[in-house]
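> Residues per chain, in single letters:
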Amino acid sequence: MLARHYIGESWKHGLLIIGALIVLIPFYMMVSMSLKSQQEIQSISGGLVGAQEIQTFPVCTKHGYTEEVCTMRPYKYNFWFAFKKAPIPRYLMNGLIVTVSIFLIQVLIALPCSYALAKLRFKGREFVFSMVLFCLLIPVHAIALPLYVMLAKAGLVDTYAALIIPWTISVFGIFLMRQFFMTVPDELIDAARMDGMGEYSIVWKVMLPVAIPALLAFAIFSVVAHWNDYFWPRIVITGNRDLFTPPLGIREFRGGIDSDEFGPMMASIVTVTVPLIVAFIIAQKRFVEGITMTGMK
Amino acid sequence: MGTISLKNINKSFGSTEVLKQLSLDIQDGEFLTLVGPSGCGKSTLLKIIAGLEQQNSGDVIIDDKNVNSTRASKRDLAMVFQSYALYPHLTVRKNLETPLKLRDYSFVERLPLVGNFVPSRKEKKKSIDDLVFKTSETLKITELLDRKPGQLSGGQRQRAALGRAMVREPVAFLMDEPLSNLDAALRVHMRSELSELHNSLKTTFIYVTHDQAEALTMSTRMAVMIDGELLQLDTPSEVYNNPSSLRVAEFVGSPKINTFDAEIRSDGFAEFNGIRLEKKFNTNSQKALVAVRPEHLEITKDSNKPAFEAKVSYKENLGSDIFYHVQVDQSDSKIIVRGSPQAGLISNGETIKICPSHSEAMLFEISGERIR
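Chains as they are written, first to last, in my numbering: chain A, 7 to 303; chain B, 4 to 375.
No lab work stands behind these hints, which were simulated from the structure alone.
All values derive from a computational prediction rather than experimental measurement.
Mixed in with the good hints, there may be bad ones.
Partner residues aside, some chain B positions facing chain A, computed with beta carbon under 7 angstroms [what the hints assert, rightly or not]:
| hint | residue |
| --- | --- |
| 1 | L55 |
| 2 | A75 |
| 3 | S76 |
| 4 | M82 |
| 5 | F84 |
| 6 | S86 |
| 7 | A88 |
| 8 | H92 |
| 9 | T101 |
| 10 | P102 |
Glycine included, every Cβ here is placed at the ideal spot set by N, Cα and C.
Here chain B stands alone, though its shape is the one from the complex (with noise of 0.2 angstroms):
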């Protein structure tokens, strides 16, 4: 049906190593988001997926069938591009039709003037208008079937590429950061169409993107990547809350999680800024990191809860929330918190107590791997 796996993928462009040893398990049906800032190889996974790139080594196995020396076209896939690749002197009625022409045509039947006279050319023809205006019904497209894309708007256009990769009814949907040329309200927009279209047909979509608010809401399952590497593979919200590395936690949220020092006492427990957390952790190591996400650290003005002291410096006001960027006492390091307006302002130079959620801080090693 639509089950994609990949084994052991390697891809070197020239000596630098674009993907290492990489694996990965698509399940039918399921919206996978692959993240990971620019360059990590991400995209390249998806074109190697579709076969526009080939990989030095390991195996694409679509529907457990080995495709490595599949042509792209054969591989029953659809792309929809960032920048919507529509063919620009072509109407949007003949950009859907052109995958089915190519498809579904014989040879003979594609020839200018020639194909006309061949009968079974017809009943072809029919089922392919029926497709295309079934495809245009559903994106809402209808009346633009005769626009070139030179005359559509952002978001027509990216219609249309959905539309073109739709009409092939393929096997998986493979997207390539299809919102980021679209303005910041219609990208809100086109995400929640997105999840619905995938809902209604059930097919498997591969979504790349470094947009990780997109990552979270849509998928099924996300896929961290960072240079190169497969770093995690799970739901949004394990991933959001249960970081396998500090990499992880730190590309995952926004703001940035805060990162501090933090010794590891000999009972097992972890110290950082004068504060003991009240959470056993098995490692051997002496000095780790504690992390904890801006939401997780509270303002409080009560002196009995442990606390550290830190300065305002800056302030973001989001309306729904307001993230305070302080400087801690003991350190140079600055950190985010998040307050909530009803709390009222704290203004810039004012010194304000913290105390952060014990059972949400998370220890890792210096080197980055999550101490559990």
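Next up, chain A with everything else stripped away, as it sits in the complex (with noise of 0.2 angstroms):
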């Protein structure tokens, strides 16, 4: 009976188990290639950090770089070189203004839109809900165009500005916000009202911060999405490599001499890859605590 039952079990752990190796190898892939040496990566050895002979590399010498300097371990070298092929830290700062700020201003407006919409009575304030959810069906690539065309006749492609401007509203944002608001009692806008405050403070002394939990998911899904967006910045940031995001950035890697040199190209990728994975795991352990830690009822 009971072996039966973890018979019965074992097959759904299994199909998730493959599911997570289908989507967690090419990360695997991703972290072995930065560490190992060419030959390794071409003829497929060496395991996840191959073997870390110490040698000399070629492409290295060829952008003129001593023989002495050239010769270190393999995963030494990805690293160090990807950083002397492109101005990583930068395009990590620019990751980090852009997301940010698109992050900030989309709270900065979403907040006290969700608000009305979902807690002040005024006339309209369905079809005004019904038009953030026909927004929603909007796919960026269909506005892309005229937005571009808008940004261009203002003089602002190639700004932070260009990166930043579209996304500054997020109906998303605004809707996921909305559903969170439903959800807290009105007898507690009472109370804010009857101590005296403003719609704009129970906005942000009230609302903002019990909807702690609620921004955190939203924050996941803006910061992902913008910081790989490739489509947009590729788009708006026409050469100017100072603005060139990590997406771009990466993009810096392909063709040229050195165009099958995957070591550094994977070193560049984990770089940009590990500080969202280090935001996601520090933002779903405040995640879950937020949801546990509400004493609304």
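Put the two chains together into one complex; each comes in its own frame, and the hints tell you how they fit.
What follows is the structure in structure tokens.
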């Protein structure tokens, strides 16, 4: 009886493990390739970390460095050369500036909007909300061209503004926060009004702290989407390397004399991905905490 | 000080009328309970007094000042909510400080960082700290001041919510079913504490509840509201013993009052179930309703007394009292009779004789008005 129960359970876990492997294998490949030498990558040998033999890297010497400088262990070389070849810290900085500004402005706009949609009674509220839902259906790619033209006319192409402005109003954020605010009891808002808070104070001093768990969920969506976004930066950043976001930066490793050298390329991808994964793990912990901590009822 | 009067208040949500021409005068320092079944508009009325809801027409007058267009926070009232509505992210201390800071600090003083440099803030902060401490002492929550609402039990949250209302020293307290989230034992305990608090503060309390036991035990006067209308406003004992209409009589009192169809005889005496009430009533109707509370029906063995027979179908033993649900022989109506445990248990199915108290029986028109 018990054994049969375990067999019944185990196939579900088997299926989940296969699914997890499909997702994780590319990550494994990325990490492994960022550590191994070119020969090991091409011959698919060496396991996760490779032999790590000290060697001289030909691509490096081709770039004009001395042989002495170009002799080291593969893992060190991959990361060292990735940072030599492209200004990765600058790209990471750009990514940070863009994602953080987008998220902050999105919150600044979404919170009052969703508060009004969830808790204030006014004529046309349902209509406005249905427009929000409608906007959720519009794919970015459909409006990319008009947006680009608008930004170009305003002379904003090749600026941070071009990367940030189109994303500042997040209908998804408004929708998500509205759904969350619907669950906040009206009495809390009434209590704040009795205490003498105005509507804006209520949004920032009562609703915002209460909504931290939902905001974290939204932050994960927003930051991941805009950190990883390749499409939009590719359109509005036409040449200025100083404005490249991490995905545009990775593209630098394509093409040219050393286009098939995967080690440094993968090293740069690891560098770009790690901040996201760390941020996600931290947020996830706070996220669960946030949900269990809410002492609303 | 704390007189509140409502004049011809009307309120409707869409096409549903919630309050109909409601007028009410609340005296300074009284404990007034608004009681009625759920959906009768009592919470809406409270919100109108508080200023959280705007009436369609009519006036709210606090201390001889018309406050129709005054914001909720400027009316100098404090409210305690059913779900306590404490700020979940702030400690109890901060929860108590919030209304005071919002009232006493100027805009600049409220600013983070910058506010610290305004010299007048220090004094105000001191007086706020004193008030918070004094209030927490009164409510015995001093040791809870640094906890967050999530870490408190129901009763403690209730006290904290009371504290947040008390620190403002308002002209009146508005309470919206504040005890209904507590368990039965705590509720009874908090009832007496609230009454004591009212006695010591001597402030006007307006208390909304659907629980008539709370209304009967705590209030100096109770206002019975049904379907958006104020049916009776009087002391609890007067409402219980002398209801103005059948609806009030049926709402107040547990178990519910018993009603019987009665005929008015030509000599003015009412007769029901073969019993002539020894009391003259002033009415022209032929038919009426007699209402008698369960404790005013006596189970008798004396065959000389005028009584009617009924069969016990179910009994509720509460220890101090036993309520018999009985089936009256002539009709198919069920009534409830109170018996004392000393008289011995009567088993189900047994036939008993019931004799009503003539002085306590009340007569109502079929439409529900009281006939005196």
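> The structure should be examined with respect to each hint, and the outcome stated for every one.
Hints, one by one, checked against the model:
{"no.": "1", "hint": "L55", "verdict": "holds (5 angstroms)"}
{"no.": "2", "hint": "A75", "verdict": "holds (5 angstroms)"}
{"no.": "3", "hint": "S76", "verdict": "holds (3 angstroms)"}
{"no.": "4", "hint": "M82", "verdict": "holds (5 angstroms)"}
{"no.": "5", "hint": "F84", "verdict": "holds (4 angstroms)"}
{"no.": "6", "hint": "S86", "verdict": "holds (5 angstroms)"}
{"no.": "7", "hint": "A88", "verdict": "holds (4 angstroms)"}
{"no.": "8", "hint": "H92", "verdict": "holds (4 angstroms)"}
{"no.": "9", "hint": "T101", "verdict": "holds (5 angstroms)"}
{"no.": "10", "hint": "P102", "verdict": "holds (4 angstroms)"}
The structure shown violates none of the earlier numbered hints.
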